[in-house]
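J.: Spelled out from the first residue to the last, the chains are:
Protein chains: 2
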Amino acid sequence: MIPEEIIQYLKSNATFVSGQKLSQHLKISRAAVWKYVHELRESGYRIEAVPHRGYRLKFVPDKLLPWEIRAGLATRVLGHEVFCYDTLPSTMDEAFRLAEGNQCREGALVCAESQTRGRGRMGRTWFSPKGKGIYASLVLKPFLAPSEVSWITFVAAIAVCEGIRQTTGLAAAIKWPNDVLIKRKKVAGILTEMNAEVDRVHFVVVGLGLNVNIDKAHLPPQATSLRMELGGKVSRVLFLQAVLKQMEHWYGCLLERRFTPVLERWKELSVTLGRRIRISEHHKAIEGKAVDLSDDGGLIVLNSDGDLIKKMTGDVEFLD
Amino acid sequence: MIPEEIIQYLKSNATFVSGQKLSQHLKISRAAVWKYVHELRESGYRIEAVPHRGYRLKFVPDKLLPWEIRAGLATRVLGHEVFCYDTLPSTMDEAFRLAEGNQCREGALVCAESQTRGRGRMGRTWFSPKGKGIYASLVLKPFLAPSEVSWITFVAAIAVCEGIRQTTGLAAAIKWPNDVLIKRKKVAGILTEMNAEVDRVHFVVVGLGLNVNIDKAHLPPQATSLRMELGGKVSRVLFLQAVLKQMEHWYGCLLERRFTPVLERWKELSVTLGRRIRISEHHKAIEGKAVDLSDDGGLIVLNSDGDLIKKMTGDVEFLD
Numbered sequence: 005m006i007p008e009e010i011i012q013y014l015k016s017n018a019t020f021v022s023g024q025k026l027s028q029h030l031k032i033s034r035a036a037v038w039k040y041v042h043e044l045r046e047s048g049y050r051i052e053a054v055p056h057r058g059y060r061l062k063f064v065p066d067k068l069l070p071w072e073i074r075a076g077l078a079t080r081v082l083g084h085e086v087f088c089y090d091t092l093p094s095t096m097d098e099a100f101r102l103a104e105g106n107q108c109r110e111g112a113l114v115c116a117e118s119q120t121r122g123r124g125r126m127g128r129t130w131f132s133p134k135g136k137g138i139y140a141s142l143v144l145k146p147f148l149a150p151s152e153v154s155w156i157t158f159v160a161a162i163a164v165c166e167g168i169r170q171t172t173g174l175a176a177a178i179k180w181p182n183d184v185l186i187k188r189k190k191v192a193g194i195l196t197e198m199n200a201e202v203d204r205v206h207f208v209v210v211g212l213g214l215n216v217n218i219d220k221a222h223l224p225p226q227a228t229s230l231r232m233e234l235g236g237k238v239s240r241v242l243f244l245q246a247v248l249k250q251m252e253h254w255y256g257c258l259l260e261r262r263f264t265p266v267l268e269r270w271k272e273l274s275v276t277l278g279r280r281i282r283i284s285e286h287h288k289a290i291e292g293k294a295v296d297l298s299d300d301g302g303l304i305v306l307n308s309d310g311d312l313i314k315k316m317t318g319d320v321e322f323l324d
Numbered sequence: 005m006i007p008e009e010i011i012q013y014l015k016s017n018a019t020f021v022s023g024q025k026l027s028q029h030l031k032i033s034r035a036a037v038w039k040y041v042h043e044l045r046e047s048g049y050r051i052e053a054v055p056h057r058g059y060r061l062k063f064v065p066d067k068l069l070p071w072e073i074r075a076g077l078a079t080r081v082l083g084h085e086v087f088c089y090d091t092l093p094s095t096m097d098e099a100f101r102l103a104e105g106n107q108c109r110e111g112a113l114v115c116a117e118s119q120t121r122g123r124g125r126m127g128r129t130w131f132s133p134k135g136k137g138i139y140a141s142l143v144l145k146p147f148l149a150p151s152e153v154s155w156i157t158f159v160a161a162i163a164v165c166e167g168i169r170q171t172t173g174l175a176a177a178i179k180w181p182n183d184v185l186i187k188r189k190k191v192a193g194i195l196t197e198m199n200a201e202v203d204r205v206h207f208v209v210v211g212l213g214l215n216v217n218i219d220k221a222h223l224p225p226q227a228t229s230l231r232m233e234l235g236g237k238v239s240r241v242l243f244l245q246a247v248l249k250q251m252e253h254w255y256g257c258l259l260e261r262r263f264t265p266v267l268e269r270w271k272e273l274s275v276t277l278g279r280r281i282r283i284s285e286h287h288k289a290i291e292g293k294a295v296d297l298s299d300d301g302g303l304i305v306l307n308s309d310g311d312l313i314k315k316m317t318g319d320v321e322f323l324d
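Protein chains in written order, with our numbering: chain R, 5 to 324; chain B, 5 to 324.
Be careful, since some hints might not be right.
Note that identical chains are pooled: a pair holds if it fits in a single copy or bridges any two copies.
Below, simulated BS3-like cross-link-like pairs (lysine-lysine); rule was C-alpha separation at most 30 angstroms, straight line [what the hints assert, rightly or not]: (1) Lys67 with Lys179; (2) Lys179 with Lys15; (3) Lys134 with Lys237; (4) Lys288 with Lys145; (5) Lys39 with Lys15; (6) Lys67 with Lys190.
Keep in mind that the hints were calculated from the coordinates and are not lab data. Every value quoted in this text rests on a predicted model; they were computed, and no experiment measured them.
All chains should be built: construct the whole structure from the sequences, respecting the hints.
T.: Right under this line is the structure:
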């Protein structure tokens with residue numbers, strides 16, 4: 005992609021680069037160079053243009069832009085096709101629209117700087133303040149049955165944890181079924197939705213809501229952000245790239261139907277297993293000890309009568 | 005709905021009905037009566053209008069029209085909201101679009117006289133010649149997990165069989181997983197698709213492809229139509245109404261989580277169980293006797309080694 009190459013080239017040169025050099029390097033006309041520079045400026049890049057000297061990159065916007073996400077992305081499939089928006093009602097809806105219309109490939113990523121109707125599990129809303137978080141939906145086309153799709157949530161939760169650990173060193177952990185916590189506070193949520201036949205998934209959309217640089221004032225008390233925990237700003241681009249890299253690795257296990265390593269890593273990263281919990285669903289709750297995770301994504305709870313109960317859904321509260 | 009009431013009123017009067025009478029009966033102006041009559045004519049109704057005498061219904065088009073489907077429909081929910089089209093790429097796509105945009109209620113029905121990209125299971129095409137079949141998709145919003153959605157296919161297959169039996173007396177039977185046969189030839193197909201979270205269905209769309217009045221010349225040798233089997237034309241409207249009525253009954257069982265009567269009725273109507281079959285999936289096939297249906301929609305096959313194998317998907321061929 006040419007705009008990406010222009011950015012790369014300008015980034016690798018601290019000083020001015022002549023229009024002629026860019027035009028030779030990219031094998032396009034100088035008029036075309038000018039057109040792309042203009043487009044990049046519209047996206048928020050500040051690119052100085054001085055007659056007889058050329059172009060110089062002065063400022064890279066703090067935005068999730070396709071050229072930033074793709075540059076240095078160490079994946080083979082995920083995130084190579086990127087659709088970025090300033091604002092969307094919901095990245096999930098947009099990803100569904102693209103996938104249903106066959107307008108994107110496996111691994112396509114839809115990002116927005118803010119969402120007006122960002123959503124979480126069970127129709128809840130996901131708070132999506134502008135420019136501070138990552139609100140992204142990834143289109144996957146795995147060969148799985150609908151009952152196996154919970155594995156995608158596992159894989160995404162592992163990827164988010166690993167991405168946080170790599171980027172910040174913070175000890176992120178997984179709370180069943182789909183949250184990522186740091187010190188018991190929610191830093192990320194995962195929403196997995198599908199379009200499927202009874203026995204075959206057409207496509208899955210994995211939504212990632214990641215509290216990256218959101219301030220304390222803008223979060224509920226039970227939530228946190230990487231910035232709050234770290235005491236400093238985190239590059240959303242680098243963090244997203246790390247998550248995508250991890251996601252591709254673990255998703256690859258699923259495609260090869262190697263579920264065991266995924267399950268094991270999930271358990272290692274789990275903050276739920278071994279704890280006394282209350283799990284609520286439709287105004288009914290049970291209490292007990294979370295003892296295991298089942299192959300199909302259920303949480304196995306040992307109650308006080310000594311019964312093992314498998315819960316497929318619910319909200320978990322820690323009691324110890 | 006006013007157009008529906010106009011049709012009903014004209015149908016119940018063999019002779020002319022004055023504009024004044026219609027206007028009084030419907031509590032609308034005579035100009036409004038004229039406007040609706042004009043609309044109905046555009047849909048294909050022939051309505052004579054003679055000065056000083058009034059209106060007379062001369063001809064009802066052989067089409068699936070909302071007013072025809074709703075008139076005399078003995079359901080409480082299914083088919084009350086109806087979207088009819090002359091032609092659509094696929095009623096499935098249109099139903100998904102409506103349900104995703106929250107533009108329809110549970111039970112909404114999308115029909116088309118013909119489809120240009122009618123589809124079956126596993127991305128196959130469904131042949132949809134104009135005006136001869138029923139190509140319809142029903143939007144349901146059941147409280148089910150994705151793994152339970154195969155029950156919707158069971159319910160639809162039962163409803164189609166019962167609808168055929170009631171309307172024509174023909175001995176329709178179910179072939180696992182989603183076909184309805186008459187004398188071993190396919191007369192109907194069911195396609196169940198969903199939009200779901202991992203643990204919760206947002207909505208299900210059930211597609212019905214029913215070969216009603218299609219001629220032999222337009223069908224492959226392994227298929228048949230009600231007309232071919234009966235030697236006469238069948239009213240698509242009455243047949244569809246009968247299927248919807250049955251569907252509502254059996255779907256009601258699911259909503260109350262009374263799965264056993266559904267499973268029992270399915271087994272009674274099954275032409276698969278008890279037979280020697282070959283079941284193929286991705287170029288691999290197994291042979292054996294179809295002995296049972298599992299709760300989650302799988303077919304239990306006893307192979308020659310005496311192993312019981314549960315198949316969740318595949319194409320069945322009868323060997324005896």
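J.: Run through the hints listed earlier and report the numbers of any the structure violates, in increasing order.
T.: The structure conflicts with hint 2 only, although it agrees with all the remaining ones.
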